Amino acid sequence: MSWCGQVLYSGTAKGTVLRLEAPISFWGGISPDNAEVVLENHPQRGLKITDKILIVPDPIGSSSSAAILLELLYAKIAPKGLILGTNKDAILPISVLVAEQMGWNTIPIIAMENPTFKSGEELEIKTDGTIHSI
Amino acid sequence: MLELTEEEKAILNSELATTGDKTALSIVVKAAEMLGAKRLVKITSSHIDGCLYHGDSGVLFCENLAKNGAKAKVPTTTNVGALNFIKTNQAKLSSEKLQMAQRLMDAHINMGCTPSWTCAPYQIGARPKKGEQVAWGESNAVAFANTVLGARTNRYGDFLDIACAVSGRAPYYGLHCDKNRNAEILLDVTDLPENVKGEDTFFPVLGSVIGRLAGDRVCAVSGINKIASEDQLKALCAAAASTGAVGLVHIIGITPEATNLPNVFGNERPKEILSIDMDMMKGAFHKLSQTKQAGKIDCVALGSPHFSISECKKLLEVSEEKDFKVPVYVCTNRHTAQELKAQNIYSKLERLGVVFIIDTCVVVTPILPGSGGIMMTNSAKFAHYSAGNTGYRPIFGSLADCIKSAQNGYATLNYGPWK
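Residue numbers (our numbering), protein chains in the order written: chain A, 1302 to 1435; chain B, 13 to 431.
Derived from the structure by calculation, the hints contain no laboratory data. Any given hint could turn out to be false.
[As the list claims (entries may be wrong)] Restraint ranges, calculated between C-beta atoms of paired labels, are given here:
hint, chain 1, residue 1, chain 2, residue 2, range
1, A, Ser-1434, B, Arg-139, 48 to 54 angstroms
2, A, Cys-1305, B, Leu-24, 27 to 33 angstroms
3, B, Glu-280, A, Ser-1420, 35 to 41 angstroms
4, A, Lys-1419, B, Gly-403, 29 to 35 angstroms
5, B, Lys-141, A, Arg-1346, 23 to 29 angstroms
6, A, Arg-1346, B, Glu-284, 29 to 35 angstroms
7, A, Arg-1346, B, Gly-137, 38 to 44 angstroms
Computed from a prediction, not measured in an experiment: that's the story for all the values here. Think of the CB as a built atom: it goes at the ideal place given N, C-alpha and C, for glycine as much as any other residue.
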């Protein structure tokens, strides 16, 4: 199977899906120290997002979330790729632009409406925004 | 396709612009391409979220910009930092982190930002007029600028905010454009009892409901038939921007772009109409508390967004000058603190047991003692972020309940209509 999303930041990635099951703000929701979900009452509290293809159907909340993602990229504990349910704001993608300016690791970011990928699936993201199950 | 003006192309190519200016503009341009904007728009002010320390990466980026000659081209205010400059011993960060947090704040000053260190720049005179194009970060400030002031900004995250300030431009998309400011959904509160709408806690609770229902959509709220104070609207915006990605709420008859219903929807029908009932409101009220214990509390935290002068006056008045048994942290900005000192309110509050936190707040940087406890608050934003950031579990209640609880040393709640 393959799907096509909108490329917000181009790149390639291959990995296991982690789908955030409840809306989350990276700031306040993800620890910049160890990439763990720390939001109280979040169903996935305690899971790490490092090296996953992270599906964020509803990015919400703080505009400091960009700083958290940049810190994850800088510390090399970021997800391998991001698939967002919206392209309306640049809060998460901007971190990758900054990482590029600084010569740090970058990751692909794809936007698509209602991404249906489930945790545990294996996916590959290609530079043109196509997503393939493997 | 994004089209740039000759001036913009010249900045990207010319040797006349500093490297820092070029980097900033190229980030804005790439963001614009990413967002599908057709052009950039000149802005008149910026509010920077990126001066709060979250890790070394942000410091290195901002220092790099500053070192390369980046300067803000428009009046630019700064959000809270991780340090309290006035009482420097409050933030419990390691000396390395303190130093990095300081370097981040210095980098912003070096780029020509006004050191305001507040999440409520609208309280200290940064008040763009209706229709003005600005680039603001900090989710509550964004929602306030769009909703209450009628200015136009998207939800700028860290780094894009300073890139916009330095280039004096923002990608022209989203809430900068007329058509995207029309509401998509209508939330009607007409059927809620009038006494509920008069509660101190009505606005933050309604904000929490709005955030969950609206997500990132522009929504309109009808059925509030009274004057709302700026502090109440501040509480609503902050709550909505915590539970959702809300950038703009039109409150019919109250906010500047919401003179009437057809206007707000661009003369189209709402895509969705939802009636807010008491069950939804009660659910949202109780969700703001994350502990069932109605016992001892460790502190009260007020001021997210930063406590205003009128809120401090109300705190003094309602407390009837009876001492607090637990610390009451009042988070505010240096401008407000100065005014409180001039009006002799600051020392009176300190004598009661208020601990002022200036330039920052208790949820963005480690200030609270120990690794956790119970915090009582009237702020939906504190209630939302406290446990994850500080380990303190929140109990949400009105300002009067917070004061009474501080005076008793244990949670004392008058649930009123929320029972």
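Evaluated hints:
Between A/Ser-1434 and B/Arg-139 the CB atoms are about 51 angstroms apart, so this pair conforms to the stated range of 48 to 54 angstroms. For A/Cys-1305 and B/Leu-24, the Cβ-Cβ distance of about 31 angstroms falls inside the hinted range of 27 to 33 angstroms, so the restraint holds. The hinted window of 35 to 41 angstroms between B/Glu-280 and A/Ser-1420 holds, with their beta carbons roughly 38 angstroms apart. At roughly 32 angstroms, the beta-carbon separation of A/Lys-1419 and B/Gly-403 lies within the given 29 to 35 angstroms, and the hint holds.
At roughly 43 angstroms, the beta-carbon separation of B/Lys-141 and A/Arg-1346 lies outside the given 23 to 29 angstroms, and the hint is violated. The hinted range of 29 to 35 angstroms is satisfied by A/Arg-1346 and B/Glu-284, whose Cβ atoms lie roughly 31 angstroms apart. At about 41 angstroms, the CB distance of A/Arg-1346 to B/Gly-137 agrees with the hint of 38 to 44 angstroms.
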